[in-house]
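Asks: If you want the building blocks of each chain, they are given just below.
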Amino acid sequence: MEVAVNRRWNVNGQEIEVTFNSGDRLLDVLRNDLGLMGAKEGCGEGECGACSVLINGELKLSCLQLAAVLSDGTAILTAEGIENTRQGPLLQETANRNGAVQCGYCTPGMMVAMYWLMEHPKIPAGQGLSGNLCRCTGYKALIDTVDECRRILAGKKDGDMT
Amino acid sequence: MKILEPKNLAHALKMKAENNRAEPIAGGTDLLASWSAGAEKPAVIILLPGLAELSGIRLNNGYIRIGACTTHAELASNPIITRHLPALAAAAAGIGAPAVRNMGTLGGNLVCPSPAADLPPVLLAFDAEAVAGSTAGERVVPFSEFFIDYRKVDLKEDELLLAVRIPVPADGIKSYFRKVGSRKSQTLAKVSLAARARVEQGKVIHSAFAAGSVGPTVVRLKETEALVESKQLDLEIIEQACKEAEKEICPIDDIRSTASYRRFALNGMVREFLEMLLPI
Ligand SMILES: Cc1cc2nc3c(=O)[nH]c(=O)nc-3n(C[C@H](O)[C@H](O)[C@H](O)COP(=O)(O)OP(=O)(O)OC[C@H]3O[C@@H](n4cnc5c(N)ncnc54)[C@H](O)[C@@H]3O)c2cc1C
Ligand code: FES
Ligand code: FES
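Respectively, the protein sequence lines represent chains A and B.
Going by my numbering, the first sequence opens with residue 1, and the numbers climb by one from there.
Going by my numbering, the second sequence opens with residue 1, and the numbers climb by one from there.
For the record, the hints were derived by calculation from the structure and aren't laboratory data.
Among the hints, erroneous ones may be present.
Stated by the list, open to error - Here are the computed lysine-lysine pairs in the DSS-like style, where the Cα-Cα straight-line distance is at most 30 Å:
1) B:K156 with B:K7
2) B:K247 with B:K152
3) A:K122 with B:K184
4) A:K140 with B:K184
5) A:K122 with A:K140
6) B:K14 with B:K41
7) B:K222 with B:K174
8) A:K122 with B:K174
9) B:K222 with B:K156
Stated by the list, open to error - Rough simulated footprint, nothing fancy, chain A against chain B, three-plus residues with beta-carbon under 8 Å:
10) 31 to 41
11) 175 to 187
Note that the Cβ used here is the ideal one computed from N, Cα and C, for glycine as well.
All chains, please: the whole structure from these sequences, using the hints.
Replies: Encoded structure:
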């Protein structure tokens, strides 16, 4: 039998209060209760990354995250919140320019993973995206996007563009 | 599903004592994947994340003690682990993909372990011990006794896994971990090997080999260890050791691989480790 759970989180910069069932995954709460459709259910078992979100700054999978485990005060960033972060517009613009968005199914999860990689510049981009499946781009455009954002953030000039 | 939220470890152990059937949840990666696949949810769960007593990595009295809720990402990057137990850091770094490593924990990898789990071979090869806890106190079990059979471990109904402790390896010990899968990320081992040894005046001293995914649970390769012990290391003895390792495992054919490929790959990994020990 499910029991109601009440939590106060910060989702994409906004303080919210939400009530859900004890067995719900974060993915269910985001989509059904908060109306945030960015995170997608690709596989539902941790293999594809389409449901990726940041929880307290760490890349996680909302399909494997029991919502009730997240205590009051937890900060969650989904694809919808990226444009309002400091580095979000740079990521969006760079991804567009590189053709890193094609059919778009993987895109919300990819954007979250790429955003996390901008904040963890020591992780090689390809390795960092290894949990996010994309059937369209062939990954090069995605890896180039991360590398280019990192170069720009590090204040270096992009040699390829001169 | 009823949710129990303990305030501290003593509280959690009391909850487990009063509700033996309550299922602890740490990272939830195994549990939620199994629920997704149709497994029945437990009636009661106990939330372990946030319990300070189950986190942290400490060096103390010749042991490295690692809290059960330590994530794979922490294991892969913690300076105590990368310095003293590089094989454990390597095994953790190869689990799943970044998000799985940010969620999955050491305890979750050991308590209901798939025969292909990556951390058990390393712990077995390094003579590590499980620290179980109940309201009656702590109980220390060597992993050679902890892993009993297919997904069966020596943890009682009223116990939680608190930590793992590993004797600090002596200076000069060489270690090894490798898993063979179908790709680098998001892959379970077809076969894995963790090993350690020291070489003194060309002789192999106190070697340990532990293989994953070659039987119902992780195994130490005792015959191989006995064969190389105190022997002068050369190509001849390496050849014999590789053959012995193939002989002493009982792998099966399953969805990930075949018995003959598993023997072949294990032979190659034993060889790779022992050749690493040869003088250059
Ligand atoms: C996509 C994906 C890829 C994976 N890849 C790998 C891989 O490459 N290698 C590998 O080895 N594994 C892999 N796994 C398996 C596994 O999920 C993780 O390795 C992880 O360690 C499990 O930990 P958890 O904290 O998430 O477990 P949970 O799901 O929280 O718990 C698993 C079980 O352990 C019990 N438990 C957890 N902690 C304790 C404790 N302290 N005391 C008592 N009981 C406890 C729970 O009750 C439950 O029965 C993968 C899983 C997924 C979903
Ligand atoms: S839906 Fe979560 S990883 Fe595929
Ligand atoms: S853009 Fe189509 S799956 Fe990635």
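Asks: Would you mind confirming whether the straight-line C-alpha gap from B:K222 to B:K174 stays at or under 30 Å?
Replies: Measuring from Cα to Cα gives roughly 18 Å; hence the hint holds.
Asks: Can the restraint linking A:K122 and B:K174 be considered satisfied, given a maximum Cα separation of 30 Å?
Replies: 27 Å, holds
Asks: CA of B:K14 to CA of B:K41, is that 30 Å or under?
Replies: It holds: about 22 Å lies between the C-alpha atoms, which stays within 30 Å.
Asks: Does B:K7 sit within 30 Å of B:K156, going by the straight-line distance between their CA atoms?
Replies: 22 Å, holds
Asks: Between the region 31 to 41 of chain B and chain A, see if three or more residues pass the 8 Å beta-carbon test, and mark the coverage as holds or violated.
Replies: It holds: at least three residues are needed, and the region 31 to 41 of chain B offers 7 whose Cβ sits within less than 8 Å of chain A.
Asks: Keeping to a limit of 30 Å between CA atoms, is the pair of B:K222 and B:K156 held or broken?
Replies: 28 Å, holds
Asks: Would you mind confirming whether the straight-line C-alpha gap from A:K140 to B:K184 stays at or under 30 Å?
Replies: With a Cα-Cα distance of about 17 Å, the restraint between A:K140 and B:K184 holds, given a limit of 30 Å.
Asks: Holds or violated: are the alpha carbons of A:K122 and A:K140 at most 30 Å from each other?
Replies: Holds, because 18 Å separates the two Cα atoms, which is no more than 30 Å.
Asks: Regarding the pair A:K122 and B:K184, is the alpha-carbon distance no greater than 30 Å?
Replies: 18 Å, holds
Asks: Using C-beta distances, would you say chain A covers the region 175 to 187 of chain B, given that this needs three or more residues below 8 Å?
Replies: That given contact holds, which follows from 3 residues of the region 175 to 187 of chain B lying within Cβ reach (below 8 Å) of chain A.
Asks: Are B:K247 and B:K152 close enough, with their CA atoms no more than 30 Å apart?
Replies: 25 Å, holds
Consistency with the previously given hints is maintained throughout, with no hint failing.
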